[in-house]
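Given these sequences and hints, build the entire structure.
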Amino acid sequence: MSELNFEYGLLLPEFILVGAAAAVLMLDAFREDLRISRNLLPAITVLGALIAGVASLLFLDRDPTDFAQLIAVDDYTTFFRILFIATLIAIVLGSYEFVNRNITHQGEFYALLLASTIGAIYMAAARELLTAYISIELLSFSLYVGVSLAKTDTRSGEAGLKYVLLGGVASAMLLYGLSIIYGTTGATTYDGIAAALEDGVVGTPAFLLGLAFLVGGLGFKASAVPFHMWTPDAYEGAPLPITAYISATSKAATFALMLALFGIALDAAKADWQWMLASLAVATMVVGNLIAIQQSNIKRLLAYSSIGQVGFMLMAITTVSDASGSALLLHLAGYLITNLAVFIAVIAFYNRTGSEEIEDFRGLAETQPYLALVITTALFSLSGMPLLAGFVTKFVLFQAAAEEGFLWLATVAVIMSTVSLYYYLKVIRQMYVAEPADGDSRWRLSPIAYLTTGVLFLGIFLVGLWATPIFEAADGASAMLFG
Amino acid sequence: MTDNEGYLLLSLPLIPLGAAVLLMFVPSGERTLIRIVTGAASVAMFVISVYVFFAFDYRGEQFQGVLAWPWFENVGFLGENGVQLKVGVDGIAAPMVLLTGIVILTGTWVSWKQEHRSKDFFILLFVLVAGVYGTFVALDLFFWFLLYETAVLPMYLLIAVWGSGRREYGAMKLMMMLVAASILIFTAIFGIFTEAGLGTFDLPALFDATYDPTFQKIMFPLIVLGCGTLGGIFPLHPWSPDGHAAAPTAVSMLHAGVLMKLGAFGIIRLGFQMMPEGGEFWAPALLTLGIVGALYGAIGALRQTDFKLMTGFSSVSHMGYVFLGLGTLNLIGMSGAVLQMFAHGVMTALFFLLIGALYDQSHDREITHYSGLAKQMPIWAVFFVIAGLASFGLPGLSGFIAEVHIFIGAFRAYPIVGGLAVLTAAITATYLLRMFARTFFGEADPRWSGIGEITWAERAGATVLSISIFALGLWPAPWIDRIAMGLEMGIPEVLS
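Just so you know, the sequences run in chain order A and B. All residue numbers for the first sequence refer to the numbering used here, where the first residue is 6 and numbers rise by one. All residue numbers for the second sequence refer to the numbering used here, where the first residue is 4 and numbers rise by one.
Treat the hints as calculated values from the structure; they're not laboratory data.
Stretch by stretch, here's where chain B covers chain A in the computed footprint (C-beta under 8 Å, at least three residues):
id: 1; stretch: 385 to 391
id: 2; stretch: 395 to 406
Pairwise CB distance ranges, derived in the manner of DEER restraints:
id: 3; chain 1: A; residue 1: S446; chain 2: B; residue 2: I39; range: 28 to 34 Å
id: 4; chain 1: B; residue 1: G200; chain 2: A; residue 2: F487; range: 17 to 23 Å
id: 5; chain 1: B; residue 1: F284; chain 2: A; residue 2: F487; range: 37 to 43 Å
id: 6; chain 1: B; residue 1: R169; chain 2: A; residue 2: L166; range: 46 to 52 Å
id: 7; chain 1: B; residue 1: G200; chain 2: A; residue 2: I420; range: 24 to 30 Å
id: 8; chain 1: B; residue 1: G399; chain 2: A; residue 2: S446; range: 56 to 62 Å
id: 9; chain 1: B; residue 1: R169; chain 2: A; residue 2: G208; range: 57 to 63 Å
id: 10; chain 1: B; residue 1: R169; chain 2: A; residue 2: S284; range: 38 to 44 Å
Heads up, the beta-carbon is just placed ideally off N, CA and C, and yes, glycines get one too.
Have a look at this one:
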């Protein structure tokens, strides 16, 4: 075995995030004594994230390297560092009004977001099974607490408990699967597993069992059907910013991990898992989108629609290749921007109305036309309408699957995309066609809500009309996995 | 047309998009400013469209005004020229560009009296027009489809917010049917790109690629049904009467006048030009759907007593001629199909303009509720007669030129179908003449004594459309030359 590289400087961005998390926690603990403003906590979080983001850029286009063969530091890692840090900043900015009003433990809130971002980044960067597992748990544990942070809402505690119990079972499954794979291949590094598979472990019953547990455990984390039961409750019970965070970072990180794991380590065993993932993808797309039709709560609607989205992304893992890898990364970037736009707009709506019911969006085009425009644009983008991010990224994603011989899967995806348009239109209908309730008059957004939604709104069009830079970055990042 | 004139082609979708963005920053109350912006944009589009049509050289290259900018290259599964922003027109697209220019000019004028959220209305209308223009001038399959979908996207809100009658039902039905049809086009495009294996969405390159005959036979029907739905092909037409009946005037004009042509245009571009062997195989089916649609639409129109529903069914019938013409596989029949796309576009736009003008005053679309309108609104009645006569193909008007081509083509291909087509024209004449007799003549109904003549904007719009009807009817050569050249160079394998 070659010499291990212990250059801690490679982990600089995460050290900065840890530092910010510690600072936020400590300052919150002594806030009363030091008489500092509450706004300092989000400010430190954003500042720390910005510095970490800049630090990540230092690693751009450098020779790929790794930390002790556990964590890769290359363009793939950088891609996700930037993506997750940007998501963190957007969520903190978009939700600090909400947090001031609804969350009592603010220091914990920001510290947990920072910690989970580190987990998310290492899920993408991990090149070894145990590191991958620990990263998943870092993300998950932060979110278990995060979901139950809305102390005033009884649904929050229930959701947190459900999430932690089911999450525990899934972690056990995942760990069991990983241990069997280690047992059959004798390696925990992705490269080691790939080498062992070349020597013919593929197809043995033990290995298949390990794969099945692995797919089940990861399927839970990604909320793939039939492991999705926790998702709607967790989404509904969690405070809105945490819901946004689960739907964005947590999901993207799981796919970043799966792409690396299946692309590097398990590629040789494609025949063993391809059918598993293909059937998961179909079930997830179909069930998620069909159940979403019946929802009347916007969080539950978005929960099921995000399950549907997971189905589309699973398709890219099913057909894993260089081309579908870059398509997936492009899609993830577009999806994060669009999804954050919806959620931050919904948070702004909630701050004003205190409601999450789709019915209460009626007449929003009269009372707050800008917000209605943002939500409409984002929902159209999620359903894959043209000029917006969703069309380009879905088109590329589906075409990549078709290229790999999965035209039928791409067709199912397009059909389910069309179904999703139907329930998004129901929301849009409330805003534009229904009259506002009596007594509703025009209201104003806070400047920060304008700013965050405005940037994301432009981002949706930017990806929709000129995705070239992101596509090229995604292609470069994906090339790190597939050589 | 030189290649540098491709900038003009590019400006066609960019002008309405730019105007839409500009409108976002105009305060809703500034009605004059909204009129200036929309008026200037529509005149600019019209002038460029007319120029493009006449500047197109029917003795020149197949595609003219070709300009390309790289978009995605050598990323993912894409190779050289993977996705480009590429524009250019051929002899089939040039008349369609002209048609769009005429309809958006007149549609903008008549929409000026729209008071309810007029700014938002124009933003969506212009996005729609950008999509339509873009589809006609795009020479890259990715952008072609992106813009095709863009044309459909604003329809839901345009109908649901500004429509009348069963607007929510009509809007949802139209939107879901059209988007569902796009599934088939999506699948076909994925298949075509993979089968060609060129790593590029460049349309001329994809036209030249060879596709396995079996593949063509599987994919061609997807295009016909997918694009055909937007074109109102039988039996996937049910969105059309309901959607058109519910839509506001300018949207009906654009939708029946131009948007339905996108469907037929898609069948030519992605169907016949891409997969000629599939086209030859399925042509009899296309022809059958065409004649059935023509007859069905005409009989449906015969039964309607609502102005807009009648015109909606009439559109299904006239679009049936287009598919019939395409199915003949001979030059004259297929030329007739493209001519009919233009002829029906201007004629049906005029119809919807006039029906809208009446409805805005009376808020009643029931044909049987009216009588003696010719005395009250003589100018309106004259324009209505022009549209009606064009609709059933009076010589000297646009409909005649188109239908005579289609009938000859049909008689050459299958005489029995030609006979049925002539029968359809007779039914068309029946329902139109009956409507004229009921509404124009007789005692003036006191209920409608308050109804006056149409506004100046509507007169101007109706005049422009009528001039187009006469122009094609009396001097069809510019159209026929371009269309025949476009077909001969585009689908030489198909024409028998």
